[in-house]
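Asks: Given next are the chains, with one letter for each unit.
There are 2 protein chains.
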Amino acid sequence: MRSFDASRLTSGQPGNSSQAPFISPVRYRLLCSSLEEDGVRMADSGGGPAARTVLQQCLQARLQVQPAGEQSEAEYVQISRGMVIYVCFFKGASEDMLPRMVSTLLNLRLCESSSGKMVSVLELPGNVLIVPQATLGGRPKGRAMQYHQNIGKEDGLRLYSAFVSLCEKELMAASAEVTVKHGTYGNRQVLVLDTNGPYTHLMEF
Amino acid sequence: MRSFDASRLTSGQPGNSSQAPFISPVRYRLLCSSLEEDGVRMADSGGGPAARTVLQQCLQARLQVQPAGEQSEAEYVQISRGMVIYVCFFKGASEDMLPRMVSTLLNLRLCESSSGKMVSVLELPGNVLIVPQATLGGRPKGRAMQYHQNIGKEDGLRLYSAFVSLCEKELMAASAEVTVKHGTYGNRQVLVLDTNGPYTHLMEF
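Listed in order, the protein sequences are those of chains A and B.
Going by this note's numbering, the first sequence opens with residue 5, and the numbers climb by one from there.
Going by this note's numbering, the second sequence opens with residue 5, and the numbers climb by one from there.
Extracted from the complex, chain A is given alone in its bound form:
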């Protein structure tokens, strides 16, 4: 089945030989109207997700939450066996999406149990380390990366904090043995990771 990203249809100049030709703006508008007549839902988020997460399994992970100061040592959080969730929110993300997002991530069978079976981090039960990772929102422009679709700083902090709280609530309800740790939003995420295979997955919402 064919697919195409209509958001790129009017970029560039038709006939530009250095890029695939695109349809004219007139035809594009006719296309959208035609589809809307048929009741096709049009995404208004620029075609991208509201949140992007990368998941890695770990034996141990240590994350700096406060850099060393003039009179203080650096501070760290640490988890033993479990899952690292790198998270990035985009413009258009809202608190409404968080319960489903948390439920999905904590219930996906991504963790290897001692018997070799794949189980969720709730079932393992495993610890969770949440790493704010705005860089996941990057899109290349030439040789540089741009982060134009990323959520703004204040909204991002609010959503991130709510995401962390929800994870804590759900994980710690499942087991008293495990914990959720998280990075400081906006800081450099100095991370050390020890794995028996990260089994890196991408999940978008």
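Each statement offered as a hint is correct.
Some residues of chain A that are not near chain B, with every Cβ distance over 10 Å (derived):
1. 72
2. 81
3. 102
4. 118
5. 156
6. 159
7. 166
8. 176
9. 188
Sample of chain A residues at the chain B side, in silico, Cβ under 10 Å:
10. 111
11. 114
12. 135
13. 139
14. 148
Read the hints as simulated data drawn from the structure, not as lab findings.
All residues carry an ideal CB built from backbone N, CA and C; glycine is no exception.
With chain A held as given, fit chain B onto it using these hints.
Replies: Below, chain B without anything else, positioned relative to chain A:
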């Protein structure tokens, strides 16, 4: 700018209230023809990328390339400062795409130089560790992950090897001080990672 995934346009039944209504197959075919007349490129990969990579910056990374055997110890490769490339190929990926893929990854300004400026791994110059990571192709179905869009084993090995060779060629041409190491395709990728912030990025091709 609006966008939509046309590959879903003829799924389901028009008027099905549990899903967004879709356009009729007749109108879909007219749509595709119309766009092709305009020269719009149609992706035949089921709407997904041909390759997916996740990039992380590291101070040091160690990867097991051979597990311990009955009479042998485990073998590892290791890099110092540089970039880890986790790579997954999908059905429809071919060798044609590799030169541009390698060039993009090695020239994107993702690495932090000692002055704090963002430079490419070629400019740093940094080492590269390539980790085959088929799990990146996962899509959730209920609580399980499915990997149906992943490239087959033989083609995957062939492409992965070619990708590694191209990276070696391009990186080592840029500097004699740096190296490319890579994981063993199909093995468990036992990885230990030390970072000053992984600056995790997603790049799809």
